[in-house]
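Each chain, written out:
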Amino acid sequence: MNKNLLSKLILMTIFTVILITCAKYKKNPVGSEYFNENEMGDEKSCIIYPAPSDTFFKNKNIKTGISPFLSIGAVQKHNITAKSLIEFQFLPDTTQIDSAALTLYIHKFYGQNSGLFSCSIYKVTKDWDDDSLSAITYDQSYQGEYVKEFEVSLNDTIKSFSVSLPSALVQSWVDSTTAESNYGLLFIPNNTQFITEFYSSEADSNQPALEIYTATEPDTAGNVYPTNIVPPTNDIFIPEAEFEPTSDYLFISNGVSLRALMNFDVSQIPEQATINKAFLTVHSDTLAAFPDCQETFTVSIFEIANQNWTLPEVQIDSVTYSRIPINSDSSSADLTLSVQNWISKMKENNGLLLMGRNEYTNLSYRKLYSSTADTSKKPSLKIFYSIPPEENLNN
Amino acid sequence: MKKTVLFFLISLFIYSQNHYCGSILSSRGLGMNFEHPNTRAMGMGEFAIADVDPYTISRINPASQLFHQISRISIYYFTMYNHYQDQFNGSANSQYSNFDGFSFFIPLHSNFGIASGLTPLTRMDYKISFDKSIGSYGYTKSIKGNGGLNSFDLSCHWTFKNFLSFGITGRYIFGNINTTWRINYDDNSFIQTKNFFSTKNHGFNYKAGVILKPFSSMTIGAVYSPKVTLDNKTTISYVFTDSTKEYNGSIQYPGSYGFGISYQIKKVGLIGIDYLIYNWNSLLINDHNPSYAHNTNKISIGFESAYSIQPTASYLKQIRYRLGYYHKPYLSLDPDGNEIYESCITFGLGLPIKRRIAEINIAFNYGKRGDLNKNGLSENIYRVSLSLSIGEKWFQRRF
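As they're listed, the protein sequences go chains A and B.
Take the first sequence: its letters are residues 1 to 395, numbered as in the numbering used here.
Take the second sequence: its letters are residues 396 to 794, numbered as in the numbering used here.
Keep in mind the hints are simulated off the structure, nothing from the lab.
With a straight-line Cα cutoff of 27 Å, these simulated BS3-like cross-link-like pairs (lysine-lysine) come out:
1) K345/A - K628/B
2) K277/A - K640/B
3) K345/A - K536/B
4) K662/B - K749/B
5) K628/B - K536/B
6) K44/A - K536/B
7) K788/B - K556/B
Computed from a predicted structure; not experimentally measured.
Extracted from the complex, chain A is given alone in its bound form:
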């Protein structure tokens, strides 16, 4: 063999051996077990339960007027009732109204999927709009003159129905001398088995419609078409519910807007710790869920912005939030960022506010176990954290 080639091969072999044997920073290098690993930082986990001051309260500012849905009905078993108000203004100037009908489009049912839908219609007595009226500000004084009552047999194949309105009433909304007292109609349910949810004027389609017919001859096929179709000016649903306060439970509700507060004392974790994971686990009573526990109920969790509040005026930090989709008796949400902020003093730990994600748009609630419940059921915050080696910290 060529002498030069042999020399090159030997040199390349030596170089390759060095490359292979000297891998930088091998995992678990020789002697890893030689030293006490406890001197090299600490990794821990802990479970923290909320302070016994956890509670729930009714939100004062319930904006159901922005909901794309209107609910009318009642479910006696859960003590929930929903009324709706619909107002039609700025009707076209029509000489003579022959008839009028209100068409409502069904979104879904709460309680049961079929039955006799019975409702009474009243005039509304005073001015209101989507922003000013809420379940808190609504009272009996809004209920005015009885207009009519109607019944419709509904099931999940029926997507809409129409109810006729007195032509004189609708005529009065057009007449310039009486239009000023047009504050719309109030729909109060008579049935107590289910709630029907309709699309509202905030929906993208299938909005309620007032169909106005004038004295027009039918077409050659005998059909009579409405002269005008008018969308609502304002519409809103007014949810009402009664929950018996109990210290073992925290109610969180959409529609009725019940919110819960809880606070976790994390001061046992040192400031320099990195929070690797923190998750809040809540347990719900699956037998006390509305409409039922099969449907996922999403809870939004917000940090409370400061300590200067009195119920129900709780200011939240809307920037950082997490969500718990509750679809079983136990559900968890990631709170790593919030806990890290509290530990490293980047934010004050003022506690957490839990509210329904669809608070203004639908009717549902969950009953969560509170801090006074059994240990296996009470809310818990499990935290995995790590503390760097002490010699790196100037304690």
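The hints should help you fit chain B onto chain A, whose structure is shown.
Here is chain B on its own, set in the frame of chain A:
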């Protein structure tokens, strides 16, 4: 063939510059003590305190430049290959090479001269990792450290009638020590911990030395350096925030003292012995005394063969051949409180260039640190030190 060798050497040089999976022992304190004497001494078992060689500059004893007649500059290069074994039958190799500082000497007068230089003091380069779990959540914990301390020295010496010399070195000690601490959970939904600690150290110190030559063939030397407090500032970066935290701290770097004696045997050579003590017990990191630190006392024995300074002599006779041995404990105890001893045999050559105006020095060390049965860890150490020492007549002693 020459091109191949050159390519190989350059490749190895580039590859090895920053390639070190260093000893786990360097995780202790401020890292390994990396204060090498010059290459000549490394070929003589690190014997240096009572060495007054006129062709090399001592980095240990500032009084030992008394026989330098002309200006001299030395640059040092160091390479090390280690093989590690632990009690769990694990083994690994590491390779490290780097510039090892420089020395510069100017004789200003027949009995006075100044010198300066840059000397690495400690070096840290390690990574330790553990596989652990909390409940069913597995994770890997690791610590990586690198950096070290260096000293920029400015010294002077004064000699009285070639039998007594005093020297003092002002030292500016500086350097960064960086530590990265990680916790990596197997579950990707976890935030992975990464804390980075960067500590910048600086402080002033001095070292004093004395050389006594009771008669021409005997040299007695001693050195002393007090402990010094280095100020530092540590910057901590966390994974969970862009902002950093800073705190001021301090390190108390230990003092050292030692003495040595050498004897020139005609036609045989020079034989010398050193005893050097580092008071690592006084090491304080942010006022905490690491429990594992303990004093080290190094004993060095060295020999250099007689050589010819005649230009007509054969080149082999002009070469200086060196042998040596040293023994010292490591600055850290093992977990059971046992000392970790390091022993090394050394061999060196001094290759003259142009009538010894310049000299290339090479030292080879083979040693062993730790005992597998006693300490649970042992290391085989292979070191090569290379230096070039050049004399120039920019400044010449005036008598």
